[in-house]
Amino acid sequence: MATERENPTAAATVVVLDGDRELARRRPLFDMCALLSLAGLVAAIGLRRPELLALAAPFLVAVAAALVFWRPVEATVQLQFATTRSIEGDEINIMVEVFSRTGLGRVELELYPGERLAAVGTLRAVTTVRPGTTSQFSFVVQANEWGIAHIQKMSVRVSDRFAMFGGQIEVRPDQTVTIGLPEDRIEASLEAEQFRRIVGSHLSHDRGNGLEIADIRPFQPGDSARHINWRISNRRQEPWVTLRHPDRSSTVVIIVDAHDGGSDEQRQTQRRSVSAAMALSRGHLAMHDRVGLLVVGHTLQWVPPKLGRHQLFDIGDQLVAVSNAPEASRRMYRPRALSAIPANAIVVAVSPLRDPLMVALVAELRGRGSPISVLVPTSTNDQNKSRLTSRIDDQARRLAEVEQQIGVQSLRQRGVAIVPWTDDTPVVNVIAAVQRLRNSMARSRSW
Amino acid sequence: MLTWQVDRLLRSGPLCAVATFVVPALLAALVNATSDVENILGLLLVAAGIIVIGTLSGSVVTSGFGVLLFGAGAVLGEVSPLVLLTVGSGLFATLMIHDLSGSFRRAPKIGSGVWTSTARTTLALVAIGAAAFAIAYAVAGLVTWPSIAVPFGFAAIGISAKLAADAHADTTRRYARSNLKRR
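Just so you know, the protein sequences line up as chains R and F, in that order. Quick note, our numbering runs 4 ahead of the 1-based positions in the first sequence. Numbering-wise, our numbering puts 169 at position 181 of the second sequence, and it's gapless, one number per residue.
The reader is advised that the hints may include incorrect statements.
[What the hints assert, rightly or not] Calculated cross-link-like contacts (lysine to aspartate or glutamate; reagent style EDC-like; alpha-carbon spacing at most 16 angstroms):
#, chain 1, residue 1, chain 2, residue 2
1, R, 157, R, 119
2, F, 97, R, 114
3, R, 310, R, 321
4, R, 157, R, 114
5, R, 157, R, 174
6, R, 157, R, 178
7, F, 150, R, 35
8, F, 97, R, 101
What the hints contain is simulated information worked out from the structure, not anything from laboratory work. Since this is a predicted model, take the numbers as computed values, not measurements.
Looking at chain R on its own, in the form it has when it is part of the complex (with noise of 0.2 angstroms):
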């Protein structure tokens, strides 16, 4: 999912380190010197040996000077991504930047990555701040997984010069990045214009050189008059032109199945619809579609049709968002803004059709005349399947694809033309068989 935008920076996270008595804690050296200071200047004083002295002196001196010299810590910490998004596979930089006014003996750093970033080389550093000066250091991480990633927690560990004093906090960060699925595979197989031959071409109701505006610009020989955005011009003292989107040709809205994402085999499923329903979305809007998105599931999302490249980044916020929803916590597959749907919408929903509540959903929309295309991915690894050795699981298994088959039949029965999608075929033969259900059910309308 390429949503990238143009020089997307984070905002830190800013750690400010002002005194914390968690910093000022003793350090297990300072008791070590202590004591054998003490067992020096005891040993010296009790034996009458003066030289014993020179054995405990550097130890002393240390104690003392640490105990003379010791000053509150002052510092902030800055933790930053270099961008707001990326591409499953990239790399990251995590700039973290420390300042001092008073000055830091030594600054121990780590951070912890959460689940969906994996570390690049070492995520700790180790430095020492002069007073009024910043230590920088970049780190770097691998987005491993798409969805929304953040760092689980950055460990702060400091001391003064003398390694005396100190101590160390976590702190968790609330900056996170987006990251989204790439697209080169999904791209050179489905591509909206082969989609839309087969889903539907709807012309537009709307008359006109389109309502969407894109731009405005200076005004240019050959401009009509009257594209003159006047309060602009006004503005400018020059006349201004407003450029508009053509027509849409069709509102499309797709459907994503968020259903629970427990189990490895979910997640594929998961990420698959993702990435076809991104995929659609990126496609239709370069030929200047409205594009809706509805995800329903264990999360409830509505993105109402809209044109342009904006309407891409919102989706593509959107789909990622599925990834870290929270496990059923909003079950709700009969949302309001089924409603909203337009009637002349064409709908492509993705969805394994586990559910019953989805069919329920897809139908309700077949049965308000909606085009609807459903397409099913399926896997053909049965190594999950064969992990399943309880009896009672392969029953439930086996339950639940019955009523799967089940739902599906009726859906088939309603008019719904559904496509199983299986991950080792093309989705060109998909929108193939899609186009072949629909003629066979166009024809036999026809009858």
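Given chain R's structure and the hints, the job is docking chain F onto it.
Relative to the frame of chain R, chain F by itself:
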């Protein structure tokens, strides 16, 4: 340039751990060379081994015990005050390297100033310690001093330790309170 090389050399915990054995081993060789006592080298090397075990396990208590044992061995070796001062300084540097090895675990990125700052601090403390010892040794050599030092010395140690601890705790508490008010 030399500092940079040393910096590179010590940019990892394991190398620091090796250093915590090498430094005491060199000191042991020095003590053995200047001492007439038999088999002192064995005792000192055992102490050096305890120090490196403490470094590898990240236990400052173990390393501290090794330092204590090494110091006792050096005293038993009946060496000159200058050698004892060298041993004390070396043992202190060993404990500082032990502390660095903890920071260098899991091969972090290390700012260029860490090693130089630690080295500077250690050298300064060693120099001040040597100066303090020289003064103390000279004063202790006066004829009348030992009779005064013994009773008052113990009291002075206790009082100064108590005063230092109280002052530190008070400063911490005061600063934390003012910080709370500000928030």
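Problem - Pairwise hint evaluation, residue 101 of chain R against residue 97 of chain F, where the allowed Cα distance is 16 angstroms at most - result: With Cα atoms ~14 angstroms apart, residue 97 of chain F and residue 101 of chain R stay inside 16 angstroms; holds.
Problem - Pair hint residue 310 of chain R and residue 321 of chain R, alpha-carbon separation not exceeding 16 angstroms - result: Holds - the C-alpha atoms of residue 321 of chain R and residue 310 of chain R are around 15 angstroms apart, at most 16 angstroms.
Handout entry: Hint consistency between residue 157 of chain R and residue 114 of chain R [alpha-carbon to alpha-carbon, up to 16 angstroms]
Key = 8 angstroms, holds
Problem - Pair hint outcome, residue 157 of chain R versus residue 119 of chain R [Cα-Cα no greater than 16 angstroms] - result: 12 angstroms, holds
Problem - 16 angstroms Cα cutoff - pair residue 157 of chain R, residue 174 of chain R - result: Distance ~7 angstroms between residue 157 of chain R and residue 174 of chain R Cα, so the pair holds.
Practice task
Would you check the hint for residue 97 of chain F and residue 114 of chain R, treating anything up to 16 angstroms between C-alpha atoms as holding?
Solution key: Roughly 10 angstroms between the alpha carbons, so the hint for residue 97 of chain F and residue 114 of chain R holds.
Exercise for the section: Sort out whether residue 178 of chain R lies within 16 angstroms of residue 157 of chain R, counting only the CA atoms. Expected result: 9 angstroms, holds
Problem - Given pair status - residue 35 of chain R, residue 150 of chain F, alpha carbons within 16 angstroms - result: 14 angstroms, holds
When each numbered hint is compared with the structure, no violation occurs for any of them.
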